[in-house]
Amino acid sequence: YDLYGFITNIVPPPPTHIPDSNEDTKKIASAEYAAWLKADHLIKGWISSTLSK
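Using my numbering, the first residue of the sequence shown is number 4, and each one after it goes up by one.
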């Protein structure tokens, strides 16, 4: 599943915002970061649930 990189930080987080293609000065939320964050939270939940009583 390539999840080990989240723990070892081989898979660093992508930028939280990216430049808007319509406006050079505006930035928009990164969908790539949102997906990374979701996976990161899921992995932390799995680890926590396996370590708790």
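Please keep in mind that the hints were generated in silico from the structure rather than gathered at the bench.
Note that this is a predicted model, so its numbers are computed, not measured.
All C-beta atoms in this analysis are idealised placements derived from N, C-alpha and C, irrespective of residue type, glycine included.
Some hints here could point you the wrong way.
Keeping only pairs whose Cα atoms sit at most 30 Å apart, straight-line, the calculated DSBU-like set for lysine-lysine is [what the hints assert, rightly or not]: (1) LYS30 <-> LYS41; (2) LYS30 <-> LYS47; (3) LYS29 <-> LYS41.
Using C-beta positions, here's what the derived DEER-type ranges look like [claimed, not checked]: (4) ASP27 <-> THR53: 19 to 29 Å; (5) ILE10 <-> ILE31: 21 to 31 Å; (6) ASN25 <-> LEU54: 15 to 25 Å.
> Checked against the structure, which of the hints given earlier come out wrong?
Replying inline: Hints 4, 6 contradicted; others consistent.
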